[in-house]
Amino acid sequence: MTNRDNTLDWFMLVLRRDLTLSFRRSATYITPLIFFLIVVTFFPLALGPSQSLLGSLAAGIIWISALLSSLLAVEGIFSEDYRDGTLDQYFVSSEPVFILIFAKVLCHWLVCGAPIILASILSSIFLYLPSGALFALIISLLLGTLFMSLLGALGAALALGKSAILSAIIVLPFSIPTLLMGTAIMSAAVNQQDYSGFLSIMGAMLAVGIPGLCLLTVEAILLNYE
Amino acid sequence: MSRIKNWLIAMGSPPHFYKWATSSLPWLAGLAVIVFCVGLTWGIGFSPTDYKQGDVYRIIYIHVPSAILAESIYIFMAISGFISMVWRAKIAGMLINSAAPIGAGFTLVALLTGSIWGKPTWGTWWVWDARLTSTLILFFLYAAIIGLHSSIENKTKGDRAVAILAVLGVVIVPIIKKSVDWWQTLHQPSTFTLTSSPSMSPEMYLPLLVCVLGFYCLFIFMLTNSLRGEIISRERDKSWVKKQFFKY
Amino acid sequence: MLDSLQLLFIMDGKGPYVWACLLILIIVIFINLIIPVIRLKRIYREETLEE
Amino acid sequence: MSNILKVKNLNCRRSGEEVLQGLSFTLEAGKNLEIIGSNGSGKTTVLRSLLGFVNDHDGGVYWNDSEVSSTFQEGDVSCFYQGHQIAVKPLLTTYENLKFSSSGFNSSLEEITLIAKKIGLKHFLNRQSSSLSAGQKKRIAIGRWLLKDFNLYMIDEPFTALDDEGIELIEDIVRELNNKGASFLITGHRPSGLNSNKIYLDVKNDK
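Residue numbers (this note's numbering), protein chains in the order written: chain A, 1 to 226; chain B, 1001 to 1248; chain C, 2001 to 2051; chain D, 3001 to 3207.
In short, the hints are calculated from the structure, not lab data. Using N, Cα and C, we set each Cβ at its ideal position, and we do this for glycine too. Any given hint could be a false lead.
[What the hints assert, rightly or not] In silico BS3-like links for lysine-lysine, alpha-carbon gap of 30 Å or less: (1) 1243(B) <-> 3118(D); (2) 2041(C) <-> 3118(D); (3) 3148(D) <-> 3180(D); (4) 3180(D) <-> 1155(B).
[Stated by the list, open to error] Residues from chain D that keep clear of chain C, each with C-beta distances beyond 10 Å, as calculated: (5) 3028; (6) 3071; (7) 3091; (8) 3103; (9) 3108; (10) 3111; (11) 3126; (12) 3127; (13) 3148; (14) 3157; (15) 3164; (16) 3201; (17) 3202.
With the sequences and hints as input, model every part of the structure.
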C-alpha cells in the first residue's frame, strides 16, 4: 500500500486539503500577518519614533514579533481535525502518519510563516533597519519560522484539546535557541561581519529538527489516542 | 419625506436592492469614471507646480482623497453597523462587510502613497508622523473587521459581531488620533507635514476637490458592485435569486 | 505635443514617484472591483454545473 | 468463511470505570454485526477499543483468523472507521470532501461524480458543505465508504439524522458491499432493517 507514488499522493492530498481550507477562511493567513504588524507598530509607540534608536533595535523587534505571531495560529494545526473526526479516519487508513504531520507543518508555514517574512520586509522600513541587513533578515527568518512551525506543531499536538495559549507556553522556552541564532545572524549582518557560521548552525538545527520534531509530534498526537 | 422613507425601506430588502443595483451600475460606473478621470487629469496634468516641493506634490491628488475616503468609509461602516444593530436591517449588515475591503484598500493606498511621497520629501520611506501612524492604526482596525467576519461561519452572526466592532471603533478612532498627536508632540516638538503650504491656491485646490468627489463616486460604484455579489452569494438558495440571476 | 507629454512623464525626475502612486491606486481599485465579479462567476458556474 | 474479527471476553473501561464486561462475538467476511444499546452503554468505547484509540481494555481481539490478540494495526485488515463526528468540513465542497478523505485520494473525478449521484448529492458536487443539511452531510460521509474497497467498516450510529430515503440508501450500500465480501460493524440505538447479527448492551447501573 505504501509505495513511493502513493506516499507522495498522500502528502500532496493533505497539503492541498489544508491549503484549500486555509484559503477559504482568510483569517488563517491574515491574522498572524496583522498581529505581526501591530506588534511591530507598538515598539515605536512605546519607545518613541527616533530613527537611530529604532534602527539599532529593529532586528530584535522583528525577530520577537515573528516568533510570537508564528505561534498564534499553531493551535489550529490539529485541533479542528481532531474535533471533527478527520484524524480518526486518517489514522485508521494505512497511510503514514509522519507524512500527514509533515504536510500539516508545511502548510502552517506556507500560510503563516511566509506572509510574516513578507511583512518583515515592510517592517524593516518602518523600523529603519540598515538596508544591508535585509537579506540576512529574510534568510534567517526563512529558517527560523520553519523551525517555529515544527516546534509549534509539537506544542499543539501535546496540548491537543486543551487551551490554545497552552501550546504557545509549551513551545516558547524551546524557541530560545532559534531566537538567539537569529539575532546573532542579524547583529553580525548589521555590523557587516560574516554570518555564514550562524546560518549553517541554523541549517543544521533544521536538518535535525524536521525529521526529529515530526517524529516527536507523531508520538504526541498518538498519545491522545491511547 | 415619507417617499424617501419608503424608498429606504424598500432598498432594505435584498431583491429590491439587487434590481436597483443591476440597472444603475452602468450609470454609477460612468459617473465615477468621468469625475475620477477629470479630477486626476486636471490635478496631475494641468495644475501648477508647487514652488517648494516641485512636481512630486501632485501625489496629493491621490493621497488626500484616499485618506479622506479611508476615514469616511469607516464612519459609514459604523453608521450602517448602528443601523443593523438597532433595526436589524439585513442590507446594513452586508454593507459593512462589502465596505470593509474597499476601505482597507483606500487606507493601503493612503499609506503607500504617503510613504512614496515621503521618500523624496523627507529622504526616508517611513516617518512615525502623527497622521501616518493613525492611518496605520486605522488599517489595523479594518483588518480586524475583515478578519473577524471571515472567521465566523454564520454570516448573519458575523454581521452583528462586526457591527459591534465598527461602532466601538468610531468611538475609539478620535481618541487614537488625539493620543497619537500627543505622543508625537511628546517625542519631537517640530512636526513636518506633507501638505506644506497651509493656503493652497485655487488652481491647486479645485482639482483636489474634484478628485475627492470622484473618489466618492468611485466608492459608491465599488460598494454597489460588491454588495450585489454579497447579496447573491448569501441568498443563492432563495427563489428570487434563482429566477433573476440564474434564470430558471 | 510629444515634448510636453515627455515633460509630464518625467516631472523633473519626480515622475516615477507620482506614477507609482497612480499605479498603486489603480491596482487596488481594480482588485476591489474584480473580486465581486469573480465571486459571482464562481457561484454562477457552481449552480449551472449542477445539471 | 473466514473470520475478519473475533472478540473474546472483552472488558472495556472509560476513564477507569468499567462500562461493559464479557463481550464476545465473531464477524465473518461479508456479514454484518450490530451493537445495540442506549446512550452510555459503551458502544463507541467498544469500537474505539478495537481500533486502539482507547487502550483501557482487556480480553481477546483476533483479526483475520490471527492467533494473537491485538488491537487494530496497519495491515491486519483494511478498515474504515466513521465516528460520531463524521469529518465533513463545511468549507470544502462535496467533491473535495470526498476527494480529500483518507480513502479518496486515488479516485478520479468520474468515480466521485458517480458516487455523488448514488448518494443523491450530484447537484451539490461543487457546493461548499456549509450550506448542506445535517442529513446531506451524513450522505457525504456515506459516500466515502464507496471510494475504496475495504474489508471492514466500523460505523458509529450511521442512521442518526437520516430520513427514510437515507436509511434505504445505507441498506442498499451495505448489501452491495456485503456482496463484495466486506463486513460491517455498526452501532445504534435500535435494531435496523439490515441483515445482521445483533448484540444488545445494557447500561450498568451499579449506583
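Requested in this report: Any hints from earlier that this structure breaks? Give me their numbers in increasing order, please.
Outcome: Hints 4, 11 and 12 not satisfied by this model.
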